[in-house]
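Chemist: So you can see what is in the structure, the chains are spelled out below.
Protein chains: 2
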Amino acid sequence: MIIDSLQAPYYAVIFSTLLSDNLEGYEKTAFRMEELAKQQPGYLGIESARNEVGITVSYWESLDAIVLWKNNIEHTEAREKGRGTWYKKYQLRICKVEREYGFEQ
Amino acid sequence: MIIDSLQAPYYAVIFSTLLSDNLEGYEKTAFRMEELAKQQPGYLGIESARNEVGITVSYWESLDAIVLWKNNIEHTEAREKGRGTWYKKYQLRICKVEREYGFEQ
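Protein sequences, first through last, are from chains A and B. Numbering (my numbering) for the first sequence: 790 to 894. Numbering (my numbering) for the second sequence: 790 to 894.
Everything labelled a hint here was simulated from the structure, so no lab data went into it. Predicted model only: the values in this text are computed from it and were never measured. Even glycine gets a Cβ: it sits at the ideal position worked out from N, Cα and C. It is possible that part of the hints are untrue.
Said to hold, decoys possible - Okay, the calculated beta carbon distance ranges per label pair: (1) L812/A to Y890/B: 20 to 28 Å; (2) Q829/A to S809/B: 45 to 53 Å; (3) N840/B to G891/A: 16 to 24 Å.
What the hints assert, rightly or not - As a list, the in silico DSBU-like pairs of lysine-lysine whose alpha-carbon atoms are at most 35 Å apart: (4) K870/A to K817/B; (5) K885/B to K827/B; (6) K885/B to K859/A; (7) K859/A to K827/B.
Whole structure, please, built from the sequences with the hints as guidance.
Modeler: As structure tokens, this is what we get:
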């Protein structure tokens, strides 16, 4: 799904990942984290794609909303599990969305 | 590929796309645009993933570098072709990367 209803400025978290060979429990937790993020204050939306690399971009009203989500206990546990097991490598970027353009046929 | 060598602040262009059913010439042009972007001043890197949705994030030294790339003639022609043919929908976001964190096993 592509989010096209937001008004800059707002924030984006770009989460780029390479998965390991041990993905036991990964799908379930990834789904749960997406459901949990949606319930967070300041959550605006999420976009996700994967083939070799995975890129998930979540959108937030403010930096404070991102910090709250980062510190959520269940999210923190999932992150620990991710670092120990599911992810070979990841990069997480916190960005301010300054402008956007859309197109739809 | 995941880019892990950059130092914030810098800029990101998040390009989220849904493709149409007519993809004639798309792969070739997408490859050419990536090659061309790499030659642009201020280009820092690119990350890309696709299944249903495609997400390509390119990284740039400055907003000026992004504007130069936007106005590149061959890129402009490809964009016109994309809007007329390959893309059902897209959203393009220009962001300032403020912080980043990485992990590697």
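Chemist: So, for every hint listed, does it hold in this structure?
Modeler: These are the hints, each one checked on the structure:
| no. | hint | result |
| --- | --- | --- |
| 1 | L812/A to Y890/B: 20 to 28 Å | holds, 22 Å |
| 2 | Q829/A to S809/B: 45 to 53 Å | violated, 34 Å |
| 3 | N840/B to G891/A: 16 to 24 Å | holds, 21 Å |
| 4 | K870/A to K817/B | violated, 39 Å |
| 5 | K885/B to K827/B | holds, 19 Å |
| 6 | K885/B to K859/A | holds, 20 Å |
| 7 | K859/A to K827/B | holds, 33 Å |
The earlier numbered hints that this structure contradicts are 2 and 4.
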